[in-house]
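Protein chains: 4
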Amino acid sequence: MAKVKVGIIGSRFEADIHAASFQLMPEEAEVVAVASPTPGNALALAARYGIPRVFKDYREMLAEPDIEMVTITAPNRLHHQMTLDIARAGKHVVCEKPLCMTLEEADEMIEVCRSQGVLLFYAEELFFTPKYVKAKEMADHGAFGKIYLVKQSEKHFGPHSDWFWDVNQSGGGVLMDMGCHSIAFCYWFLGRAAIKSVYANLGTYVHAAKTKGEDDSLCIIEFESGAVGMAENSWARRGGMDDRIEVYGEGGVTYANLHMGNALPTYSEYGYGYAVEKAPTTKGWTYPVFEELWNYGFPQEMRHFARCIRGLETPDATGEDGRLVLEVIYAAYAAAGLGRKIEFPYRPAGIAKPIDLWRKP
Amino acid sequence: MAKVKVGIIGSRFEADIHAASFQLMPEEAEVVAVASPTPGNALALAARYGIPRVFKDYREMLAEPDIEMVTITAPNRLHHQMTLDIARAGKHVVCEKPLCMTLEEADEMIEVCRSQGVLLFYAEELFFTPKYVKAKEMADHGAFGKIYLVKQSEKHFGPHSDWFWDVNQSGGGVLMDMGCHSIAFCYWFLGRAAIKSVYANLGTYVHAAKTKGEDDSLCIIEFESGAVGMAENSWARRGGMDDRIEVYGEGGVTYANLHMGNALPTYSEYGYGYAVEKAPTTKGWTYPVFEELWNYGFPQEMRHFARCIRGLETPDATGEDGRLVLEVIYAAYAAAGLGRKIEFPYRPAGIAKPIDLWRKP
Amino acid sequence: MAKVKVGIIGSRFEADIHAASFQLMPEEAEVVAVASPTPGNALALAARYGIPRVFKDYREMLAEPDIEMVTITAPNRLHHQMTLDIARAGKHVVCEKPLCMTLEEADEMIEVCRSQGVLLFYAEELFFTPKYVKAKEMADHGAFGKIYLVKQSEKHFGPHSDWFWDVNQSGGGVLMDMGCHSIAFCYWFLGRAAIKSVYANLGTYVHAAKTKGEDDSLCIIEFESGAVGMAENSWARRGGMDDRIEVYGEGGVTYANLHMGNALPTYSEYGYGYAVEKAPTTKGWTYPVFEELWNYGFPQEMRHFARCIRGLETPDATGEDGRLVLEVIYAAYAAAGLGRKIEFPYRPAGIAKPIDLWRKP
Amino acid sequence: MAKVKVGIIGSRFEADIHAASFQLMPEEAEVVAVASPTPGNALALAARYGIPRVFKDYREMLAEPDIEMVTITAPNRLHHQMTLDIARAGKHVVCEKPLCMTLEEADEMIEVCRSQGVLLFYAEELFFTPKYVKAKEMADHGAFGKIYLVKQSEKHFGPHSDWFWDVNQSGGGVLMDMGCHSIAFCYWFLGRAAIKSVYANLGTYVHAAKTKGEDDSLCIIEFESGAVGMAENSWARRGGMDDRIEVYGEGGVTYANLHMGNALPTYSEYGYGYAVEKAPTTKGWTYPVFEELWNYGFPQEMRHFARCIRGLETPDATGEDGRLVLEVIYAAYAAAGLGRKIEFPYRPAGIAKPIDLWRKP
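Residue numbers (this note's numbering), protein chains in the order written: chain A, 125 to 485; chain B, 125 to 485; chain C, 125 to 485; chain D, 125 to 485.
Hints are computed from structural coordinates only; laboratory data are not their basis.
Treat the hints loosely; a few may be bogus.
In this list, chains with the same sequence are indistinguishable; a pair is considered to hold if it fits within one copy or across any two.
Straight-line alpha carbon distances no greater than 20 Å define the calculated EDC-like cross-link-like pairs of lysine to aspartate or glutamate that follow [said to hold, decoys possible]:
#, residue 1, residue 2
1, 127, 188
2, 336, 235
3, 334, 444
4, 336, 415
5, 270, 393
6, 336, 184
7, 320, 467
8, 127, 416
9, 275, 151
10, 275, 286
11, 334, 440
Same shape as in the complex, but just chain A:
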């Protein structure tokens, strides 16, 4: 299989994850370019990963004929335009979560990619997380009988980049940033079951001084099948990253924890290089994990995308998934604002950004 050549838009935390992930799966793809308006960062990323071409304007990168796939790690409000530009340049798109700011944007992104004959991938790595994939395999084997409840939780103490905290750039707070993971996971785990209703409880409990976005969210999703999904997300959980699921069925239950449940509980008087994403320190007791990117599923996700481009696999984690997640996010913000569950389908038009459904119900 000829390697898929990749360009990355962005140069911060998520771009670094992408670059590192491609490096872990070098057979299917290679990153040949990075584009970022902040030149210093782009050069640093390029140096770190041996990326030969650096651009300031991503549209120049789109002109490179050999690049086949472009990943977007820029702020949420830019996902839409970038996707359109990438598609019109004849390249496949990997769009980071959340897909974009509005359902109209999502529709257009999907349509333009379709008409341009390129694939629109939604970078939801939880579909590839090895430990969670194992849970799904057991479920598919009937380990739990009929599943009635899936819980997914991703929490830390707040994102790295400034734009997350500005809801005009991000579209919302933690529900937008991390709830999308949990929502996607519950949906995917239950076989992309049809959604019946959404309820959410949101609040800004800890970071009110720096954001208008919610920093903790609880979201309950009812599925037509009768099952329930629960997304628990936070920017207000101290101590490092935490990512876990629980699956309940008539026949059983499983717990999968990517951090405290995978770690090497460690005490160090002196500290050491790196423990885990968002860990405040490596001194004292810590929960360092191993093969962090691999155990999140990032390299496997990128490999999958490249293999889809070569026709070797069928896309799992698509723009349609991303749009569905955005519909749930819309409904969740609305539910929180109105104090009642929102029945599906729920497609209000003319919403500037999802959080407006909460702050101005």
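Fit chains B, C and D to the supplied structure of chain A, relying on the hints for placement.
The following block gives chains B, C and D in isolation, referenced to the frame of chain A:
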């Protein structure tokens, strides 16, 4: 301190817990009588715990002058009448959870005890669970800064006695049976904070063939202070009892698990006597716990009640707590039925039993 | 049962544990006196626990006619003389571990107590540790079939008081201080099985600047029955106290961990009052435990001793146990010094202190 | 890098691991042949993994000119001859553990490979186990300060194939079969530190009816540096595979558990496909792991070997490592037989198989 003489109404699972708990705290109280209409059970309990007097009709037991405190472990629908009878007999009342079937009953129970000059205790052992008390101590020390989220979960695969499954006798399903624990816990942990609203998602996922009650419940409680409590309860969780909390604050987080987090993970080819409440077997891998009653807080609870009677302690876990919990349960059923959160105060009158607010909103 | 009146010799860490333990079991005994040559400490302990009589010289305390039991928490080298004095004063003895410095001392302590008609208790709380007692119950139920290996480990980063580090006062390092626990546990768990041989590997790895004693020890005990016990002890394990066992049998296995396996994993930015014995801090991630003294078994141990004095129980944890442990310790030091296992019986005479068998084999 | 073509000798459990591992790392190598005298097994393996060429006699496979590397998964007593044959056929050797039966064999294997100009790899996957590699990285970062104790434990309830249980074919029991892993690990973790002495305690506790080999072993290795390694291995541990390490240093400690510490604790009434190596069942509570082969390090190990052949990496896990491990195993059996530690170097000649040093000291 002269021992408080106690009579127990009931002879099944919960009565056994009471008898065993008093036996673990023999200095403050002693069980001298048990009353149960099912004579065989009462005699068996009496034999097991050396209880000298056995009655078929509890009202006969109430005539015993030396008995000072009576515990009620009978079906929920009988709590009200029994409490009134006990109070009018001049004896203190320990009423098991949930307090009763309706807010009117609760009001009357509280008033009659008050006017009779007896104490009405609400048997919520989670206020005495050593591991949870430790969490509260750390919280009170400022370990977590301002707390914004408390989660409590109690789950197993369904109760022992038939009456639980008949909502006319129980008043509701798992929310009524176990949600009361979780709700009480969140309320108590946050310092008996004023409640703002309640939302719940309920369903009968696994046991529809044997009950009209919900067998899994998620309940979100908003407090006036801005904090949130989450009660997660189930009669549909296989594998033995599970009881756990999570506490999140601006300054930290703690996890306390009474079962998998306290157990001796054990593999046995042959099995052994007893692992844990509701465990299906003792063969293969199990999570046996130690000092089960003590680690739930039952003996400490009973000791507290006895010492209150002697004026040595101030009541913690009162009929007022039980009524507050019932208000939340009412609101939760209503919220589930209406699909919207219910603002406090919420005191609908003329409700026959709490689950009616869900099934017939 | 009339309360047994107790006097404590000592005023440091272990004396505090004793006083606190008696306070948790106030029905069987009460501490009425404390004796310590360091007057400040004794007064502080007395104030902390409401102990009415304070002595500088313990022999004056022995003159108090109402005191029935005296506990020794003084340095190891004083256990012998104190035991004799207590016994000759007609009082029962609770001697902290390790029993004493030499087998000759042990023999005399046992004999004098016997001839004086007083009980000699050996304060090995691991015989009462609730979680370990549960393991033994499962074993006795046949959960594991025939047991072939018992491992016990107690580790921290070094004791509080100076005298531990001076082998002339303590008799040895961590094997003496904590190996006695592990050795006693394996012996007791296997039903006080006859010992066949002992091997040990000792070293001073971390604290060579402050002690000649070993700070980490591995001790393998072969029993006549064919089973093996392993004692793993350390004064060189950072991060707080660690106490755990593993039990292996033909039919199964169990793991019981008193700390990381019982704790509330907690992150605190600010810290809180107390986490666990020897914990360096309460900030960052910690493993606070709950009901620490209770979960080690200290109150239960003291209650047992008091009840034995009243003839209500038969002594478990006696001077004979302590002497057996000392024989194993002798053999372990010798084995480490000679580099070969030592067959039982092994009773070298004229040894000034156990560690001499290692340092001057 | 041109793929290295590989032939596998053997068709049972270990051969399956090899084939599956190469399949997970398809870029560096591919398995093109399998040889096994038991034709049915070889065909089954070939079918399962798409291996095109099947041989009954491995020497015929050695005649295939395109094969560059041959892995040996045959019984221990055949490792020596096979290695010589493979080397003389000009192919690189991957020899499974333990290296062979005697030090003489080891010397000859190393020498013949050297003179033939082929690489002799020792298939010790623990050098590649991701979680353990993380521990080593932290150690190399100074997380633990100076390390004084490394413990490695691999345990299950007994191997698959009959020849393991026949010491004439295997050379010894669990110390030979699994102690080699633990010994290698401690040695490697401490930077291939020089060994000072070895002690071991061995016994046949559970499987005496089917083997003369030891089924549980404790082995203490003293290093010249002062550090200690402990290898704890068992064929008598029920409940599935267990693999774990502990690392202690002046500055800290870490615990890494590949099974209970990585698993998804799961209850299943019905069971599911596969939990973990040696798991007796998938019903009830189990500890299924994910990406089992990857998390043991098998694919990474094979990839490393292939890349070494291409000169892209320097061999880590060599025949010299295997011989050193065998020296320790010799010394351990001798120590167990003599009841004393054995000082290094220890190279007794004319030993037919390692266990003879124990059974006939």
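Hints, one by one, checked against the model:
no.: 1; hint: 127 - 188; result: within (16 Å within a copy, 31 Å between copies)
no.: 2; hint: 336 - 235; result: neither (32 Å within a copy, 46 Å between copies)
no.: 3; hint: 334 - 444; result: neither (33 Å within a copy, 40 Å between copies)
no.: 4; hint: 336 - 415; result: neither (35 Å within a copy, 41 Å between copies)
no.: 5; hint: 270 - 393; result: between (48 Å within a copy, 12 Å between copies)
no.: 6; hint: 336 - 184; result: neither (35 Å within a copy, 64 Å between copies)
no.: 7; hint: 320 - 467; result: within (6 Å within a copy, 24 Å between copies)
no.: 8; hint: 127 - 416; result: neither (24 Å within a copy, 28 Å between copies)
no.: 9; hint: 275 - 151; result: neither (35 Å within a copy, 37 Å between copies)
no.: 10; hint: 275 - 286; result: neither (29 Å within a copy, 30 Å between copies)
no.: 11; hint: 334 - 440; result: neither (36 Å within a copy, 40 Å between copies)
Checked against the numbered hints given earlier, this structure breaks hints 2, 3, 4, 6, 8, 9, 10, 11; the rest are met.
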